[in-house]
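Visitor: Sequence:
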Amino acid sequence: MTVTINDVARVAGVSKSTVSRVLNKSGGVSPETEREVLKAMAALNYRPSFLARGLATQKSYSLAIVVPDIRNPFFAHVCWKAEQIMRDYGYSAIICNTGNQISEEEVYLRRMKDRSVDGIFIASAIGDATNIINFRAQEKIPVLLFDVAVVGYGIPSVSVDDFYGGRRMTEYLIGLGHRRIAFATSDVTYAERQRLSGYKAALWEAGIPVDEQLIIMNDEAEWSRGECQQLVELMTSQTRPTAIFCSNDLKAIRTYGILQRCGLRIPYDVSVVGYDNLDVVEMMSPPLTTMSQPVDEMVEVGVSMLIAELQGQERQEWQREFKPTLVERESCRPLS
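Just so we're aligned, residue 130 is where the sequence shown starts under the numbering used here, counting upward by one.
Because the hints were derived from the structure by calculation, they are not lab data. Remember, it's a predicted structure, so these values are computed and weren't measured experimentally. From the three backbone atoms N, C-alpha and C, an ideal C-beta is built for every residue, glycine too. Honestly, I wouldn't trust all of these hints.
What the hints assert, rightly or not - Have a look at the derived ranges for each label pair, beta carbon to beta carbon:
| hint | residue 1 | residue 2 | range |
| --- | --- | --- | --- |
| 1 | 389 | 269 | 47 to 55 Å |
| 2 | 213 | 306 | 40 to 48 Å |
| 3 | 368 | 217 | 50 to 58 Å |
To be verified - Below, computed lysine to any residue pairings styled on SDA-like, alpha-carbon distance capped at 20 Å:
| hint | residue 1 | residue 2 |
| --- | --- | --- |
| 4 | 145 | 134 |
| 5 | 168 | 216 |
| 6 | 210 | 199 |
| 7 | 168 | 142 |
| 8 | 269 | 439 |
| 9 | 269 | 280 |
| 10 | 242 | 189 |
| 11 | 329 | 342 |
| 12 | 145 | 133 |
| 13 | 168 | 147 |
| 14 | 210 | 226 |
| 15 | 329 | 306 |
| 16 | 269 | 259 |
| 17 | 168 | 143 |
Based on the provided sequences and hints, a complete structural model is requested.
Guide: Pasting the structure below:
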């Protein structure tokens with residue numbers, strides 16, 4: 130016999146509308162009453178029909194998570210954490226990987242509209258997010274921008290101050306006596322471009338000229354293969370840098386391999402730092418000095434902001450920016 134919402138209400142001793150509010154997480158139910166409803170659902174082995182819920186509320190109870198590259202452990206963790214929180218709110222997640230391509234990002238935005246998702250949590254591949262601003266203006270689907278800050282367009286965002294992070298890490302290396310500091314990047318994401326700007330600002334503030342020859346701008350595909358001819362040529366030259374600031378930890382991992390093939394030891398021959406504080410970098414040899422982002426908190430805040438908009442709650446803030454922190458390990462040494 131099929132268990133219905135009426136059966137749950139009868140066993141819990143509440144009204145059908147109260148059970149519905151618990152299922153939809155729409156508030157207005159005391160913790161004690163919610164526990165009784167959940168207990169009744171468990172006792173009856175009740176499984177709500179998402180199709181029926183959607184027909185009744187004109188909602189799909191699905192949210193899209195759009196990221197530039199799911200192979201990147203940073204974004205893989207973002208997806209994992211966001212999906213967990215969305216599930217707790219009663220939503221299923223559809224994960225979309227754009228491969229750092231704006232064209233794919235736009236395809237997914239249209240596709241998610243056609244699938245009638247209730248909202249979109251997106252880490253855009255570009256900094257100004259023009260395509261998302263236009264999409265939001267046309268479609269009115271709630272959107273949360275993650276890892277990108279856009280002010281003045283009515284789109285909530287959660288980001289980290291990557292300009293500060295890039296400057297802070299460069300200041301750290303300068304404090305160790307380094308003046309020839311390379312910056313290894315691919316100029317793909319908004320975050321990496323902000324970190325590069327922070328790197329340049331720290332050099333200028335220290336009176337160190339920015340040497341464009343020390344900015345290693347390599348194709349993302351080559352980085353993923355562990356290849357970077359520009360870095361090899363730089364590190365085998367007579368004027369090689371004494372430190373390398375990698376724009377994320379994945380590039381630092383690749384840089385370790387390239388330096389090893391060049392016969393260079395970290396940190397004795399060259400210091401290396403990264404950005405993101407992925408779990409794996411603690412196990413590298415030597416453990417990597419990096420910038421840490423409060424990813425879990427950022428995702429929690431981002432999803433809650435998106436859910437608040439879906440529920441029609443009055444928004445207290447449009448943007449939330451976090452500060453990264455320096456994590457010192459063993460991949461750097463001071464110059465004597």
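Visitor: All hints are to be evaluated individually against the structure, with a verdict given for each.
Guide: Here is what the structure says about each hint:
1. In this structure, residue 389 and residue 269 meet the distance hint of 47 to 55 Å, their C-beta atoms being roughly 52 Å apart.
2. Between residue 213 and residue 306 the beta carbon distance is about 44 Å. The supplied range of 40 to 48 Å therefore holds.
3. A C-beta distance of roughly 54 Å is found between residue 368 and residue 217, which places it inside the suggested range of 50 to 58 Å.
4. A distance of roughly 7 Å separates the Cα atoms of residue 145 and residue 134; the hinted pair therefore holds under the 20 Å criterion.
5. Distance restraint check for residue 168 and residue 216: the Cα-Cα separation of roughly 19 Å lies within the 20 Å cut-off, and the hinted pair is therefore satisfied.
6. For the suggested pair residue 210 and residue 199, the alpha carbons sit about 13 Å apart, so the restraint of at most 20 Å is met.
7. In summary, the hint linking residue 168 to residue 142 is supported, as the alpha carbons are separated by about 11 Å, within the 20 Å threshold.
8. The hinted pair formed by residue 269 and residue 439 meets the criterion: a straight-line CA distance of about 11 Å does not exceed 20 Å.
9. The suggested pairing of residue 269 with residue 280 holds, with an alpha-carbon distance near 18 Å, which does not exceed 20 Å.
10. In summary, the hint linking residue 242 to residue 189 is supported, as the alpha carbons are separated by about 11 Å, within the 20 Å threshold.
11. A C-alpha spacing of about 13 Å is found between residue 329 and residue 342, which places the hinted pair at or below 20 Å, so the restraint holds.
12. Using a Cα cut-off of 20 Å, the hinted pair residue 145 and residue 133 holds, with the two alpha carbons roughly 10 Å apart.
13. A threshold of 20 Å between alpha carbons decides the hint, and for residue 168 with residue 147 the separation of about 14 Å falls inside it, so the pair holds.
14. Between residue 210 and residue 226 the alpha-carbon distance is near 16 Å, which keeps this suggested pair within the 20 Å criterion.
15. Distance check on the hinted pair: residue 329 and residue 306 sit about 17 Å apart at the alpha-carbon level, within 20 Å; holds.
16. With a CA separation close to 15 Å, the supplied pair residue 269 and residue 259 stays within the 20 Å bound.
17. For a cut-off of 20 Å, the pair hint linking residue 168 to residue 143 stands: about 12 Å separates their Cα positions.
Of the numbered hints given earlier, the model fails none.
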